[in-house]
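The listed protein sequences correspond, in order, to chains A and B.
Quick note on this note's numbering: the first sequence kicks off at 16 and runs consecutively.
Quick note on this note's numbering: the second sequence kicks off at 16 and runs consecutively.
If you're looking for bench data, these hints aren't it; they were derived computationally from the structure.
Since the model is a prediction, treat every value here as computed from it, not as a measurement.
One should not assume that every hint holds.
Any copy, or any two copies together, can satisfy a pair, since identical chains are not distinguished.
As the list claims (entries may be wrong) - Distance condition first, Cα-Cα at most 20 Å in a straight line; then the derived SDA-like pairs of lysine to any residue:
#1 K397 to E147
#2 K17 to S326
#3 K397 to A322
#4 K185 to F66
#5 K185 to G382
#6 K401 to R129
#7 K185 to R294
#8 K401 to P363
#9 K401 to E343
Number of protein chains: 2
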Amino acid sequence: MKVLIIGGDGYCGWATALHLAEAGLDVVIADNFARRTWDRQLGVSSLTPIFSMEERLSHWHALGGRRIDFVNLDVTEYEPLCALLANVAPHAIVHFGQQRSAPYSMIDRDHAVRTLINNTAGNLNLLWAMREYAPDAHLVKLGTMGEYGTPNIDIEEGFIEITHKGRTDKLPFPKQPGSFYHLTKVHDSDQIYFVCRAWGLRATDLHQGVVYGVHTGQTAQATQLINRFDYDHVYGTALNRFCVQAAIGHSLTVYGSGGQRRSFLNIRDTVRCVELAVRHPAQPEEYRVFNQFTEIFSVAQLAHQVARVASDMGLDVRIEHQENPRTEKEQHHYHTVNANLQNLGLEPTLLNDGTLRELIETAIAHGDRVDRNVIRPAISWKPRAKAASSLSA
Amino acid sequence: MKVLIIGGDGYCGWATALHLAEAGLDVVIADNFARRTWDRQLGVSSLTPIFSMEERLSHWHALGGRRIDFVNLDVTEYEPLCALLANVAPHAIVHFGQQRSAPYSMIDRDHAVRTLINNTAGNLNLLWAMREYAPDAHLVKLGTMGEYGTPNIDIEEGFIEITHKGRTDKLPFPKQPGSFYHLTKVHDSDQIYFVCRAWGLRATDLHQGVVYGVHTGQTAQATQLINRFDYDHVYGTALNRFCVQAAIGHSLTVYGSGGQRRSFLNIRDTVRCVELAVRHPAQPEEYRVFNQFTEIFSVAQLAHQVARVASDMGLDVRIEHQENPRTEKEQHHYHTVNANLQNLGLEPTLLNDGTLRELIETAIAHGDRVDRNVIRPAISWKPRAKAASSLSA
């Protein structure tokens, strides 16, 4: 089975590429290193040093890993994308090739539009290229649990049966995305659902929770294979960021009360979920959504868990509640279904103290690479006037 | 009250600009004549000859019309848009500046992406420019009833109260848009709803039905003020196209069975609806949706109505069912609420034989301008293989 992984140089993409190769699939990575470029532009970088794709792959092959091919490709350029699909003739296309930071998309107009072009025009290119050159391939698209927002009802997987004024229909679950980045994921989902209806394409839309962890079985095999570990205010997501903060003696920065509840999963499960989706393809015309997460935590809960484990390790830890730079509810209902992947056989890797200790130890090992100036939030969701005052405070 | 009309050279935009000026508002039109460019590129044109903006405005002013200013502006260019908002300081911004044809967006990848950039990147530019330079202005955005698709439940105005597993919330009405064009309108709606929540902007999203008619009280005053009358397969919508077909002895082309039911309104009501929205602004942080239509018809019903009136006028008319180039249900539930505008005082202009006769007469008067080669559908919604065979048939 041949799998094309678009965005295979990124955090989830790289780990998935190695996992699928080890699982015996023929993997081709396409990436334009946009994420490395954005890092340089923003003056941030992974805590773990990331090797070049050439080094990554040559070490993977030297260790006897199954062959992985690489193509430098920008998904916003249509002709090369068509040529790639025609050449590779993939059975599955896993699409990670998107700008994945909510704060990045909120920096200013330029970053919001760039996110829209990269993500949603890129997605449109991919759908048209599939129509022309790979209409039977199975699209496995990375969406996000953030597409749903935090409605006051339980969140289903993509669709919900609604009875209204005596009639019933199963309709797309209403979405309330919380940033321009999250909006692009909703745009993509709507586009993909449409082309499944109109063109008979087949797709699985993985609405993924917040991913934590660094290592998978493959990326831990050699320094040259190591995965990203982001802790900065643009790309560092809650749990990983807390572990780095604990490691370097920085207070754990909880936005607002920390009552925000979100769905999480270990990167070891991300790669297994993608494998499950790839091995059990959607049918032609089928658009299905899998809510891809294993556990739900509040941000404050996670901070306390990290603080406890770090204290046990002898670290001096303080939790600090900061003014929330985002517009989001801090107390809300949050209950969501995630049956589809478990029905396909996913056995969740639950968060435990060992995982947190490993993350904090990894952070300590690379502590000399931390830039303390990029940790505190500097990007605001607020109206212009309020944004200026709150972030300078 | 100062109103900026983006897209004020188009079918709805031009009529609205004149109507609002006559109603005593200070109107500024912004347009980049994109629609005129697309017409040339596609080899189509309005049945009625459209004068240049310079001629349009000089005649309007010569007839004593209230002053209307014009700015040449492309909404995809951010800096000039910011300058415009800063200079005009509008109380309301009516945004018609979008590519509005579903078939256009389905031509190929290039036209789909162009529609996305023009509409959704353009919308994003406008929202950011409002955040920076006009945070108190009221955005009146033209959406479409097509955003909803044809669910098997009644369609509400933007939001629906859902009770699910014992909990209740009022959530965005689930949308199932039927083309890349319709998708952009959903993308825009999602963006606007978000910035109302995050930035406290205020917006009215007019989910408009299919507009028919040519004249309004103002555009009928002089040849130089005449409005567009589109009959081609890209821009000609059902009722207007049927009237032209009847006028020139072309069979009325009904796509499929014609059981598709849609919401309609006369352009005379479009302009009054926009005025009602502008005069009754949304509150800060409020995102509201008005379903802007007056009647529901099936496509076959309209064809029969046009055929009857045309026959009474002595014309020889034939209805022809064509293979449907679109992917859409031809038998479906369709019932939708449109209370908001009527609560603000809209008195619907209902479709009657007189209106149809006027439309057919206008078409006859300009019959020498009809190009019969651009009437039959040549753009398909179908997968590649099927599209090639069905359209050549």
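Hint by hint, here is what the structure shows:
In this homomeric assembly, K397 and E147 come within 20 Å of each other (Cα to Cα) only across copies, at 12 Å, whereas the closest approach inside a single copy is 43 Å. Taking the closest pair of Cα atoms, K17 and S326 never come within 20 Å of each other, the shortest separation being 47 Å inside a single copy and 62 Å across copies. Taking the shortest Cα distances, K397 and A322 never come within 20 Å of each other, neither inside one copy (29 Å) nor across copies (56 Å). For the homomeric pair K185 and F66, neither the shortest alpha-carbon distance inside one copy (47 Å) nor that between copies (48 Å) is at most 20 Å.
For the homomeric pair K185 and G382, neither the shortest alpha-carbon distance inside one copy (50 Å) nor that between copies (47 Å) is at most 20 Å. With identical chains, the CA atoms of K401 and R129 are never at most 20 Å apart, being 24 Å at best within one copy and 35 Å at best between copies. With identical chains, the CA atoms of K185 and R294 are never at most 20 Å apart, being 26 Å at best within one copy and 38 Å at best between copies. In the homo-oligomer, the alpha carbons of K401 and P363 never lie at most 20 Å apart, since the shortest distance is 42 Å inside one protomer and 43 Å across protomers.
Only within a single protomer do K401 and E343 lie at most 20 Å apart by alpha-carbon distance; the minimum there is 15 Å, versus 46 Å between protomers.
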